[in-house]
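There are 2 protein chains.
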Amino acid sequence: MKLPELSPAFKKAQSFISSREAEFRERLFEFLRFPSVSSDSRRRGDVARCAEWVRKRMREAGLKVELVPTEGHPIVYGERPGRPGGPALLVYGHYDVQPADPSKEPWRQDPFEPVVESGSVVARGASDDKGQVLALLCGIRAALEAGLGEDLHLKVLIEGEEEVGSQSLMPFVSREKERLRAEAVVIADSTQFAAGLPAITYGLRGILCLEIIVRGPKKDLHSGSYGGAVANPAMVLARMVAACHAPFGKVAIPGFYDKVRPLDDQEREEIRKLPFSDREFQEEVGAPKLWGEEGYSVLERRWARPTFEVNGLVSGHTGEGMKTVLPAEARAKISMRLVPDQDPEEIGRLASEYIQSLAPASAAVEVKLHHGARPVLVRCDTGAVRAAMEAIAVGFGREPVFVREGGSIPVVNTFKEALGTDSILIGLGLPDDGAHGPNEKFSLDDFRRGMVTMAALIEKLGKTGEGH
Amino acid sequence: MKLPELSPAFKKAQSFISSREAEFRERLFEFLRFPSVSSDSRRRGDVARCAEWVRKRMREAGLKVELVPTEGHPIVYGERPGRPGGPALLVYGHYDVQPADPSKEPWRQDPFEPVVESGSVVARGASDDKGQVLALLCGIRAALEAGLGEDLHLKVLIEGEEEVGSQSLMPFVSREKERLRAEAVVIADSTQFAAGLPAITYGLRGILCLEIIVRGPKKDLHSGSYGGAVANPAMVLARMVAACHAPFGKVAIPGFYDKVRPLDDQEREEIRKLPFSDREFQEEVGAPKLWGEEGYSVLERRWARPTFEVNGLVSGHTGEGMKTVLPAEARAKISMRLVPDQDPEEIGRLASEYIQSLAPASAAVEVKLHHGARPVLVRCDTGAVRAAMEAIAVGFGREPVFVREGGSIPVVNTFKEALGTDSILIGLGLPDDGAHGPNEKFSLDDFRRGMVTMAALIEKLGKTGEGH
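So the sequence lines, in the order shown, correspond to chains A and B.
Just so we're aligned: 146 in our numbering is position 146 of the first sequence, and the numbers increase by one with no gaps anywhere.
Just so we're aligned: 1078 in our numbering is position 78 of the second sequence, and the numbers increase by one with no gaps anywhere.
Hints listed in this document are in silico derivations from the structure and should not be mistaken for laboratory results.
Incorrect hints may appear among the rest.
[Claimed, not checked] Not close to chain B: a few residues of chain A, all C-beta gaps over 10 Å, as computed:
| hint | residue |
| --- | --- |
| 1 | GLU117 |
| 2 | GLU211 |
| 3 | ARG349 |
| 4 | SER408 |
| 5 | ASN439 |
[Unchecked claim] In silico contact screen, one side only, chain B against chain A (beta carbon under 8 Å); selected entries:
| hint | residue |
| --- | --- |
| 6 | HIS1245 |
| 7 | ARG1272 |
| 8 | PRO1288 |
| 9 | ASN1311 |
| 10 | ALA1330 |
| 11 | LEU1358 |
Glycine included, every Cβ here is placed at the ideal spot set by N, Cα and C.
Working from the sequences, and respecting the hints, build out all of it.
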């Protein structure tokens, strides 16, 4: 695809962005100075002040804004009506951030006092998601200043609980279904495939979590006096967990693969064409050797094949040294990543039944089902996706690649379930931005590219209105 | 066996014990009031004062005593020489106690302020081991007052580090090998088989502890983004641990059973005759069903068959809720109980080799060998054991049964290895005394029976000198 030609109005938006570079950067610093840690109750006031600040920026961008109180942190919602009968776009982001607790690898500076290092701003939330959110808001402001996409109904929803599970989002979206209705949702909360290689994420794995609890004797026993005559719950658990994997990297739960949609040759070919090195990936993770389901590449294994993973094991004595107990109990925390068309509820049932079928008479086995999320696969042949591709090409100077992601992004399911709308995931950040980690960063170039992309998207969607 | 006739001198010892009942009980209370918790560095002074008190009691009993300083807590050692060329008996016990930390099930009163409830004294250390130690010392005092066993070289060693691994005992015993040489060691630090059914423990299982550490990626990974392409160490561990058990309750490590001495028919018959109820045992442990190696009874499984037990498992997220990590590491703590003629060193090697042979290329597996102790099986046809049987019959009014114990008692190995001497384990306590637990108790009747038993043992050994 050759780069599209730019309209005079769009050039106006671009020069608006260029002329305000210093101001927008200062705004980004202001945004990053709020320690809006949603999980920390002592930061409640900071989170609220940050929401208020976001409201101002959205108003400044030309939107009619309201601060929606919730049981948790406020949702900031803004609109700019378009032509009656015109297309609608919902833009989503979040202003809350992960904690910046000191970890093994510490921050080089105060995580809430942004600094610029090698062209990137370093601070908690720089990439996840304040930098990306503000790029979208600045892009909207530039587009509206330049009179782009006047037909388009613009709806912007920035929440404050993404890092703590978006508890208040679903009730709000369900309640405001009519108002939020849109042909597409745009989310900038992911990453490019690699530096300079922008990406649209069209697939996400689903998830189903469960816990296995094996209970044996009523209390920990002396493994000398009792061992050999009482089943050891940790041993029973190990055997059951081991039996959930089959040879060749497969999951052993009967029926687990029944609904799995096979990867078609075209998609496999697209994935194969992505610049990806197994060797570099192995170096990144630091494992002695890669592993996975036979017959699939590393990216296919991570994006498009289901898994059964142990997230946690605990039983008996876990401290220093030895303590010769026969534990009363053993627990495993499990998550299964699901792909289309696996259904979390059905997989939960199949897993439960299988695990219970492995339980010996000498121990009591409980399987606790936790949250699930459906896998997502977005249609790529819609007008909105084509518009996003073109907008990215304008903003980043090259077309995006289409990628999937192995994790789940719950808000994508929220919008799909409540509004029936697919999300277009435009990643402005980089894979090594260190979201959730120390010294989180966001490139100031990507910050500007994001603004241009958003302005271009508004122009494309407002102009075409096609494909909805 | 009919009860032996009592000599006039022995009757004198008995009346000495009867006449001093109130005094000995008061002494027991004094002993129990020392919070001689060897693991608690803040109790160092209390432990030292308790050792000093023990020295006085031993001197009072007629022994020449010294307080031996060690790198840890003092050893109290006393002697009463017998006839040159006469037999020697080494008596062992400990004056230190377990902590009395508040646990789920709390103490009804101050654990270091003894009270009498239903004929038992309740306090930390009542049964383990102060009550039993003082019974022996009072018995020695009575015997010597009455002039019993004058041929016998009496050697008494009471240490202060049994509850923290007897670190100073081995160096002392090795250094004082000549002085400590004896035909038998008597230890009162175990229990009767059941109330009113005294026991001599003639067999102990050995032990070999190890830790399995499985390392995968260099840090915890997001199980969504990485899961499926990187081996999960918790999963690898589960599979390896599960592979250490074979069907029918057997251990799968090749060569594990090669040196196991089979139970002979006579011993199995003796065990079968013991009053033991599987149903009551199951109720005691509270497991849904008993379990174990096919072809063996519950007591045989606990006493005379080797095991492979998981004592602890830990990996990834072990707290509340779910955290979808692919853990960097997984650990299992393992102890194997060994029976004659398994050798801990050889079993450690076999286990290591087998576990390593299960390791996949996608994870690094480390096997750390920890401490081991040899299994013990004492000859029961010696004069010393016969004398102990008769003494118990005098003290308890009935002959002891011969039992084994599934745990290890390291001091038994210490004496065997350093002196070449077998220990005779005379349990004065009861199985439900609650050693190490809250509301530990010791029956005052058993306290008196223990004194009489000790006096009788001195008379028998001093008189006969046979069978050495």
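Residue hint LEU1358(B), partner chain A, criterion CB-CB below 8 Å: violated, 11 Å
Distance rule for GLU117(A), whose beta carbon must clear each one in chain B by more than 10 Å: At about 23 Å from chain B, GLU117(A) clears the 10 Å cut-off, so the statement holds.
Consistency of the no-contact label for SER408(A), given chain B and a CB cut of 10 Å: Answer for SER408(A): violated, closest chain B Cβ roughly 6 Å.
Any Cβ of chain B at or closer than 10 Å to ARG349(A), or is the non-interface label fine? holds, 18 Å
Have a go at the ARG1272(B) hint: is there a Cβ in chain A nearer than 8 Å to its own Cβ? violated, 15 Å
Any Cβ of chain B at or closer than 10 Å to ASN439(A), or is the non-interface label fine? holds, 15 Å
Does the claim that GLU211(A) lies off the interface hold, with its Cβ farther than 10 Å from every Cβ of chain B? violated, 8 Å
Let me know if the C-beta of HIS1245(B) comes in closer than 8 Å to any C-beta of chain A, holds or violated. holds, 6 Å
A closest beta-carbon separation below 8 Å is what the hint needs, so does ASN1311(B) meet it against chain A? Holds, because the Cβ-Cβ distance from ASN1311(B) to chain A comes to roughly 5 Å (cut-off 8 Å).
Restraint: ALA1330(B) near chain A, CB-CB cut 8 Å. Satisfied or not? At 6 Å from the nearest chain A Cβ, ALA1330(B) passes the 8 Å test, so the hint holds.
Restraint: PRO1288(B) near chain A, CB-CB cut 8 Å. Satisfied or not? For PRO1288(B), the interface hint holds, since the closest Cβ of chain A sits about 5 Å away, which is under 8 Å.
Figure legend: structure checked against the earlier numbered hints; hints not met, in rising order: 2, 4, 7, 11.
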